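So the protein lines, in turn, are chains H and E. So the first sequence is numbered by the numbering used here: it starts at 1230 and just counts up by one. So the second sequence is numbered by the numbering used here: it starts at 1230 and just counts up by one.
If you're looking for bench data, these hints aren't it; they were derived computationally from the structure. Here the structure is a predicted model, which means the values were calculated and not measured. Among the clues, some could well be false.
No distinction is drawn between identical chains; accordingly, a pair holds when it is met within one copy or between any pair of copies.
In silico EDC-like cross-links for lysine to aspartate or glutamate, where the CA-CA straight-line distance does not exceed 20 Å [claimed, not checked]: (1) Lys1711 x Asp1738; (2) Lys1522 x Asp1826; (3) Lys1410 x Asp1454.
There are 2 protein chains.
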Amino acid sequence: MGNLRPAAFTAVELTGDFWRERLETVLTRTIPSQHRKLAEQGILESLTIQHPPPPLRIPRNPQGFTAQIFWDSDVGKWIEAAGYALAHRRDPKIEAQVDAMAQALERAQLPNGYLNCWHIARCPEERWTNLRDSHELYCAGHLLEGAIAYYQATGRRQLLDVMERYVDHITDTFGTGEQQKRGYPGHQEIELALIELYRLTDDRRRLDLAEYFINERGRGPHYFDAEAKARGEDLHAPSADRYEYCQAHQPVREQTEVVGHAVRALYMYAAMADLATELRDEGLRRACEVLWKNVTETRMYVTGGFGPSAHNEGFTADYDLPNDTAYAETCASVAMVFWAWRMLHLDLDSRYADVLERALYNGALSGLSHDGEHYFYDNKLESDGSHQRWAWHDCPCCTMNVSRLVASVAGYFYSTSDDGVAVHLYGGSRARLRVGEHEVTITENSDYPWSGFITLHVDVAEPTDLSLKLRIPGWARSAGAKVNGSRIDVAADTQHGYLEVRRRWQRGDRVELELPMPPRRVYAHPSVRADRGRVALCRGPLVYCFEQVDNPTAPVSLIRMSRDAPVDVAPRADLLGGVVTLASEGSVLQTSDWGRDLYRAEPPRVAQVKLTAVPYYAWCNRGPNPMQTWIAEQ
Amino acid sequence: MGNLRPAAFTAVELTGDFWRERLETVLTRTIPSQHRKLAEQGILESLTIQHPPPPLRIPRNPQGFTAQIFWDSDVGKWIEAAGYALAHRRDPKIEAQVDAMAQALERAQLPNGYLNCWHIARCPEERWTNLRDSHELYCAGHLLEGAIAYYQATGRRQLLDVMERYVDHITDTFGTGEQQKRGYPGHQEIELALIELYRLTDDRRRLDLAEYFINERGRGPHYFDAEAKARGEDLHAPSADRYEYCQAHQPVREQTEVVGHAVRALYMYAAMADLATELRDEGLRRACEVLWKNVTETRMYVTGGFGPSAHNEGFTADYDLPNDTAYAETCASVAMVFWAWRMLHLDLDSRYADVLERALYNGALSGLSHDGEHYFYDNKLESDGSHQRWAWHDCPCCTMNVSRLVASVAGYFYSTSDDGVAVHLYGGSRARLRVGEHEVTITENSDYPWSGFITLHVDVAEPTDLSLKLRIPGWARSAGAKVNGSRIDVAADTQHGYLEVRRRWQRGDRVELELPMPPRRVYAHPSVRADRGRVALCRGPLVYCFEQVDNPTAPVSLIRMSRDAPVDVAPRADLLGGVVTLASEGSVLQTSDWGRDLYRAEPPRVAQVKLTAVPYYAWCNRGPNPMQTWIAEQ
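Hey, can you work out the whole structure from these sequences and the hints?
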């Protein structure tokens, strides 16, 4: 199945309950409330260049947020989320809001195409003098992605035109030419946007610029050193130590370990995978594969969270995955969805989709509250009750990263090649796809992720030879399938985690897929110190957790499960918009008989207790309360 | 047994192997090597006032240590350790070194008695302007304690005279009089020294000054605020928040929770207990009892370590006792020995001696290496192999705190009252005591802490009615005892953990005490998160740990013990100067069959393994290597 390409988000309609609910929430609650927050925080106003600019601390802002150099990126991500959402249902009010932003940005743009509102308003002379910290290219990338998504959803191209002029300016400014700066972004992002723009416009210069940024990164003499020196800064530590944070410590093809700021890292790896696909660049592909192994084999939370440390918002050491202090930024899980998606298109293997799904349903989705207006920035796997969702943040990056992901999730369901279709995600969808010369409509019905019973109808205008590849998730043991009611041999026909049904399809053909979803225990590699002697409960793609609110008789930090206690599936239509809970019996350490002893010779007594677990993504929607994902095993 | 008083360290000779070895090491290795370090670091030189003073970073010092405002205290502690050690064996070289320091200090002393070498050399105009941070009173306290110990050991009083003049100056300077400053030390210590001086000289003004410092502490308006304002500093946080660090957030009698810097806190509580004894002050006694409960019931490591956090070098929250990041400064365990000793003299109860012994044999003793020339500042209960002993430190407080404790340990064995003797520690000793009108010599023979078989000979010139109180440690179950070969009823005759043998003693009377020492498992209160599902091994007063070097076939972080595996006692004369090790069978989590999985459905396999534990105090004497004190229980 060569030359696999994602099916556009505009080609796929989501019909299942799970994603429809999230999508509706994003469209009707999240995007409008985020627009209000952008206004409150002064971000919208910052698009209109004023002299003098508003003060850094916006006095009338009741929460006292400060102005941030990366505000343009927040605007870009909001527009991008809006664009994806509008593809599902147009909304004149949201469109008017985007159009107003586009107009402001067009007015702000300098005659040479430069467009960074912070720099134009506050320090135009400092343009392109501090790529390491200034976020100019990062902001450009997000605005460009917003412009592309909005154009794709609505056909309106004012912002896209503005951004293409800006990209022209960036193309002139950076590169290996004598008059050019040999710089690259301190916070990677624009590479992904440029590749998107190339795919939209077929303008090769966009791909070349992305390639330049990736290949130039981390080379010596170090550009960030040179520009720091030009600014008169002292340089203390060797470049390599200093630049691990932004993965510029060595040329990207030589990098073998995931280090530094997790979001920067994962955006970069995603761009590397895109370039490996577009350029058939084996060096980049190999670098991606080495980095993929490092992160997924030693540095990934069971929730698909990444970057355990708040200190660098990023990666630390192999197997260092603390639960209570997990940073696991929402943005990093979103970024992993991007990277995994691109690896999947380099090499159709369900292990990439497994990680995508893990991050999507757990570490990323947990970032958005049930009401669609509260967020997690860091996604801890254990809480003493002090961790809670917030309504906004000085750095609101995660808020619009999770909304743009949810709004675009239809884009992760299908891919097409010249001779077939690959289905990666389930949950109710209708896709109108072009495969070679053929129009194919696939209608997938399921209650996924709550149930693994999936039916696909394949509609073609006339009998057509096609390969249909259906992902068998890594967690699914003994999957079954039927074509038009006849059982097929799943094990025999599955390669790299995709069940291939290759046949001459006719209108009305039906495939039934059964992915059994018993609750399952998951264990971490013993080198993960925080999880030793512990077990996590999962079902289907979902990781579960124990919230105090569901377990009123036992402090969740003191509960234990025995290795063989049955775990029951208990759907709860009334809870959190309808979820499947898991119920079991466990025990709880007793403290009541300890008196004043801090230490004693008798082990703690235990009492039996009924336990209830909820999906991890859904936790902390009933107020902050203690939570455990990894449970001690008796 | 009213009016219990410690028997002077000069009255007790240590004859048992355990403490003799430590004492010899301190006398022949630690004290001489510390003197060399004091010279290398520039500390000795700092006693000779030079204009201009040497630079803050001493260029010729190969380790690059910086000058410290509290250097006088290091000199004081070294002299104090030397004083105690010299009581065991005089040493002309060490005495000449002390005398040279005394001369330098006498020359440095200002005509009004003031004596702080840092301030005299560098900033005489800043004297007594920043009690919060300047450590002047702390340094004075340590120099005074050194002067007292040296005088007691040698009868030489040059330094004592110097320090009494300085104390006179301090007495004039601080107090409630109109011309006086209402200040008190930012780092408590001098209170203990003043009470010692009072006990030596019977000069009531010394006790009054200690009482003033304790009673004034934390009162409003806050003295540290006033002096900060006088220095022109901005004050941001409320005083209470700011001053918890040094326990000056409220008057000491109102304090109910152990907070802040652990060494400051424990020195202060020790002084409060001393004052409660000397002044029969019930308010201070009650405050001590409340604080004692708080710390021993919720904030004490099983090793008798205190203060889990490096951030404030101190206390955090109830049950917050992490093992791998434990700070548990050596000085804090030493300070707890001081406090527990004073609580024991307020109220003869073995629970105080139990904590004393716990801190002494574990958290404090671990601070000094087997070779006597390396140290732990922080005493972690778990290490991945990166924690190691160091030869010296920018802040060498712990080095001389542990040496002064070891050198003075004879002073913790006996107390006397008007009608009897209490024996608190065992391990081979000969004490010549005065009880009322009688001379009593007690000879105690044992191989404690390796064995609980203890024989005491009581020698009196003529038949004498005396109460002999023998401590029965809290860990000792079913202790037995005989008097002149006849078994006595230990349970019936034991009150508050002391077995009383009250009789008319005759020359040659013999008491045999048996404290059974089976290895025992210890469990922590389930609220101690780090120890849940874990067990510690102890024997007698010693806590044990598993060092990698003794367990070559299993990573100690992955070992587990079953609840019922036998634990054998295995003496090893060849190891670490002769220790008793513990041997058992356990299991170890296997990693070899995990391949590249970070998570999987099958629990980790385990393999059986032989385990060896060594006394905690003795760990990390064979190079840095992984260590676990709390072991997972299967």
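These are the hints, each one checked on the structure:
1. Lys1711 x Asp1738: within (11 Å within a copy, 95 Å between copies)
2. Lys1522 x Asp1826: Classified as between: cross-chain Cα gap 10 Å, same-chain 47 Å, threshold 20 Å.
3. Lys1410 x Asp1454: within (13 Å within a copy, 54 Å between copies)
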